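Full structure from sequences and hints, please.
Using the working numbering, the letters of the sequence shown correspond one by one to residues 1 to 383.
One or more of the hints may lead you astray.
As the list claims (entries may be wrong) - No farther apart than 27 Å at their CA atoms in a straight line, the calculated lysine-lysine pairs in the DSS-like style are these: (1) K67 / K80; (2) K80 / K181; (3) K181 / K108; (4) K108 / K67; (5) K66 / K80; (6) K181 / K150; (7) K142 / K213.
Think of the hints as simulated: they come from the structure by calculation, not from any bench.
Since this is a predicted model, take the numbers as computed values, not measurements.
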Amino acid sequence: MGPLDGFRIIELAGIGPSQYAGMLLADLGAEVVRVERPRPEPSGFDVPERFNLMNRGRYTVKADLKKPAGRGLVLRLCEKADALIEGFRPGVMERLGLGPEECAARNKRLVYGRMTGWGQDGPLAQRAGHDANFVALSGLMKVLADPDGKPLYPPMLAGDLAGGGAFLALGLLAALLESSKSGNGQVVDAAIIDGAVASLTPFFGFLAAGIWKEGRGENLLDGASPFVAPYLTRDGEHVFVSPLEPKFFAIMLAQLGIHDLEVERQYDPIYWPVIRDRLEQVFAERTREEWSEILEGVDACCTPVLGSFELADHPHIKARGIVREVNGQPQPAPAPRFSRTHCVIRHGPGELDVTDEILERWGLFPEGESRSGPGGKGSCDLA
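Here's what the structure looks like:
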């Protein structure tokens, strides 16, 4: 089992960042009970449960939090839990009678994780927003803009997942560690805007030092230099080169059979168009697969640009088991890895409903009183 084996987490079902945080904790071995609405609200992007991979590895119960029975269920879960995850707008949980104070009254060690886009306070705290809005305000979209200045948007990746769910999981783990020493829980206020801005930390330093410009395509690492850039191959695919250091740049040129460029002028912006033109010409002579075979065995810092459905067949992905199949559905494996407490994907989404054993362990009914489906397992509707 994973390193979080023995920890119990309540996840009040949401989409995006809170859902991702719940998945990360379940992947690491925590026992996560996901409390779902009896009738989920349509989101405009409804995913069939089998393919809703961020729901994997959790036990599920259904409860209407607007009814006394549903609120009572969550409060009883709090008595046995180490942490709770919620992703409502600020104030909603308080209005439901499930705010931090009410939950802490049931369990003073409980860590209360709050996931929002704008945070629990500030002028925008009560405003609606989605991943793209938070990424836009954070400054990340400018960093990712086209050379002509048009913002680029990486769906969910920079905001919901990296800036939101991952930071919430990190905050929960830190608070759980502190709670184990102090005996007291606390509120973790995780906001996507906070996490997205935090990811720009090095760029604040680059700008202050005068080694980074706001305009896309004017910097060493954002496409201006020909040695950190994608190149089109003969079959219409791409390889990406990134030999920043002169020794790797020299290896790449040698492997490409290029001997007419001045290696010592790698960092000379005036010479960059010459380098780029030569690399474009050479990479267009072979397919992506052919270049992969030529370049992957040496320190040339060149890799193929793969699609989601291709990466599982790459030798390195296969060797490390980075993509695994659960009940016929390929999906990313848990990360990171641990030398003793190995992480596993217990089950796919919707396949790990509550059992009598789980309900008894969480104290939801007296021992011997069955409330789950036939045979002691199945989808459980407790409230």
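For this session: List in ascending order the numbers of the hints, as given earlier, that are violated by the structure.
Result: Failing hint: just 6.
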